[in-house]
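Engineer: Okay, here's what each chain looks like letter by letter:
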Amino acid sequence: MTGLDRIHIHYSDCSSYTPMYPQLLSVFDEAENRYLKPEELKLVGQYVASMPERLDTYRNLRERELEVMQAVANQLQAEMPQVSEEVLERCLKNALLMLRYCALSLLLNDEAILEQRFLSWIGPLAKLYDTKAIDSKLYRLLNQQLSKALSAKQMSYLSPSLALAQESLLSQSASVNAAAQR
Amino acid sequence: MISVADLVINSRIPGNFFSPDVYVRGELEVGLLENRQGDRLLALPETLIQAIYSGLERETGQATRLVLFNCGRWWGRSFYTRFCEQLASYNSLPLADLPMVEFLQALQACWVAHGWGKISLDQTYQNRGFLVVKITNSAYARLAPHRDQPVCYLEAGILSSFFSQLTNKDLHCVQISCESMGADCNRFLLGLPQRLEAVENLVVNLDHEAIMQQLCG
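Quick mapping for you: the protein sequence lines, in order, are chains A and B.
Residues in the first sequence are numbered consecutively from 1, following the working numbering.
Residues in the second sequence are numbered consecutively from 1, following the working numbering.
Simulated from the structure, these hints should not be mistaken for laboratory data.
Fair warning: there could be bad hints in the mix.
What the hints assert, rightly or not - The following label-pair restraints were derived from C-beta to C-beta distances:
1) CYS216(B) <-> LEU25(A): 45 to 55 Å
2) ASP130(A) <-> ASN137(B): 21 to 31 Å
3) PRO124(A) <-> ARG82(B): 30 to 40 Å
To be verified - Only pairs whose alpha carbons sit at most 25 Å apart, straight line, appear in this in silico DSS-like list of lysine-lysine:
4) LYS134(B) <-> LYS118(B)
5) LYS127(A) <-> LYS118(B)
6) LYS148(A) <-> LYS93(A)
7) LYS127(A) <-> LYS93(A)
8) LYS93(A) <-> LYS37(A)
9) LYS169(B) <-> LYS127(A)
Every residue gets a Cβ at the ideal spot worked out from N, C-alpha and C, and that includes glycine.
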């Protein structure tokens, strides 16, 4: 064996490259030199069948983002007049980013993308800025507005990633606060 | 009153520029790996890094550390420029308007995306005029010949020119703990050159805590 088996990869670690809709792609990887098995085909069929609704939800979110978020911003500012606009704007911007990644995640049926591109970035920042109290109020208002803007079916596509993002951000800020109080 | 439309620049909200799954791309049909801006990325074999160490040692002996440090300084100068350009253009903001915490978080993400290990800042001694940078999983520590003193001169050089440009001061950098000597991470001490003169001799005998105590105690 030469040193080739131990090449130091001097760019991103490829193992962290999670493909979109990972479950599906692993099915296609398996199918390299054989036909897909019936259960694998079923998985592909399910994803494709859910696609029109995923697209509708995504489209709806895309079109109504501004209206939803403006309503949230107005309510948030009314409920928290003591907080500076700069801080509220930062929280709203992070929520916009969250909503966009949740939309992408529902379109691709891939929650890993949320973790890799959004939570790993916003998580540490939310911790540093310590905006848990504002974020928790913001998420409540956001979820209310989204329930009005989307149908129940559409909400059911968005909810898993939205809950994942919100819980993950709120729980980590909480642990920091707890640590600070100790 | 907050206008949400004004928070969005060109329909975009910037996130992590260095998110590995977006940052690394390739034109594999022509044999190129690139970052998202089209700059070339290379994979280095570990044996090449080892060969650079042993080749330099054989040809230049004692001067090895100076050669590596100066290579690092050179690298750090252009790295700083490129890094700032990337961040400013991605965030559609003049760099001065980007909060320092976001700048530093981008630096950490950049380090990870290139497989250079994990970098973090320890600001405990900042009011004494020192900054400590910690790096774990450095390839330059793990592949270096084992010595009785720290070996990451290349990284010390990069950090000295990166932070000199960031702070607009001429800063020197000395490594005060090294993974190659069994430490939990590589610690780099940044400060004004005259205040770091004594440190280079201390690293042979003292661990990083004792060094900091001697400097700040």
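Engineer: None of the hints should be skipped; say for each whether it holds.
Structural biologist: Hint-by-hint comparison with the structure:
About 53 Å separates the C-beta atoms of CYS216(B) and LEU25(A), a value consistent with the hinted range of 45 to 55 Å. Remark: the range hint 21 to 31 Å for ASP130(A) to ASN137(B) is upheld by a beta-carbon distance near 29 Å. Checked against the hint of 30 to 40 Å, the C-beta distance between PRO124(A) and ARG82(B) comes to roughly 23 Å, which is inconsistent with it. Between LYS134(B) and LYS118(B) the CA atoms are separated by roughly 8 Å; this keeps the pair inside 25 Å, and the hint holds.
Restraint check: the Cα-Cα separation between LYS127(A) and LYS118(B) comes to about 19 Å, which is no more than 25 Å; the hinted pair holds. With a C-alpha separation of about 21 Å, the suggested pairing of LYS148(A) with LYS93(A) holds against the 25 Å cut-off. Between LYS127(A) and LYS93(A) the alpha-carbon distance is near 15 Å, which keeps this suggested pair within the 25 Å criterion. As the CA atoms of LYS93(A) and LYS37(A) are separated by approximately 45 Å, the hinted pair breaks the 25 Å bound.
Of the supplied pair hints, the one linking LYS169(B) and LYS127(A) is violated, its CA atoms being roughly 30 Å apart against a limit of 25 Å.
Checked against the numbered hints above, the structure breaks hints 3, 8 and 9 and satisfies the rest.
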